[in-house]
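> Generate coordinates for the entire structure from the input sequences, incorporating the hints supplied.
Chains A and B, in that order, are what the protein sequence lines are. First residue of the first sequence: 1372, per this note's numbering; consecutive thereafter. First residue of the second sequence: 43, per this note's numbering; consecutive thereafter.
Treat each hint with caution, since some may be false.
Which residues of chain A face chain B? A partial, calculated answer using Cβ under 8 Å [unchecked claim]:
| id | residue |
| --- | --- |
| 1 | C1379 |
| 2 | S1430 |
| 3 | C1432 |
Don't read these hints as lab results, they were simulated from the structure. These numbers were taken from a predicted model, which means no experiment stands behind them. Just so you know, even glycine gets a beta-carbon here, dropped at the ideal spot from N, CA and C.
For reference, the chains in residue letters:
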Amino acid sequence: MRLPCPICGERDRREFYYAGHAVALERPQEGAGAEAWDYYVHNRDNPCGETRDLWFHESGCGAWIVVTRDTASHAVLGAVLAEEAAR
Amino acid sequence: MADLKPRMPLESLLPMEASGVRVREVDLGALTLVMPYRERDAALSDALEAAQGLRWPEPGRMTGTTGRGILWFGRAQAMLIGMAPEGGLEDHAAVADQSDGWAVVEIEGDRAAEALARLTPVDLRPGVFEIRHTARTELGHMAASLTRTGKATYLVMVFRAFAHTLVHELGIALQGVAARGGR
Ligand SMILES: [Zn+2]
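As structure tokens, then:
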């Protein structure tokens, strides 16, 4: 598996640390209700198809990236810097 | 007064050679890690050009030479090699002296890439990883900086604490290349 780091280009999966679904970029606003926080902390979708995950290019450039991939076909569809996705 | 003698990280371990691939230690002199503050990239590059005549490198590239140059070193990071960090760089960036922090080797020979390919997942084919291209990657599980400095010459940097491990891993890689015989 190779991931397209927006800074380094296509690189081997072993250079990356996987941090799961990119939900961390959608942190509830201050004052959000318990339900929103419960969902944010505990609940994850388990899609068959397109999903967005956070990866850390740990032994590469050190960037956090959001990778879009297909859980059914295993195709890697693209990646953006997390700092840009979070804007 | 004590007479302190500087010691290079690899001075008792190198050089070594196998299959026509030579590994030797390199003294890069002063090493300064520079990390620009947010939105200060352009100002920093201008300051570097004014003080050193070298601009900030593009990702995965080196400007200047390994004698005196700027090596891309990761997201919003570059290493100044062989120069004093002059010119008010600290107005635009975090600046850290790391001169004693790295063990550095040069690997040279027609089969150097073949040996390195046993240790790193970076695509080292000559048309992909060209001269003056650089990568942060892993080398036998060590965090490393890898730069192609010539047709068959590569510069490898690892944390100084991994000096012995680096030589150990490179030794095994060279043995592996030797065991495969000539191409
Ligand atoms: Zn990267």
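> Give a verdict on every hint.
Hint-by-hint comparison with the structure:
| no. | hint | in the structure |
| --- | --- | --- |
| 1 | C1379 | 6 Å, holds |
| 2 | S1430 | 4 Å, holds |
| 3 | C1432 | 4 Å, holds |
The structure is consistent with each of the numbered hints, conforming to all of them.
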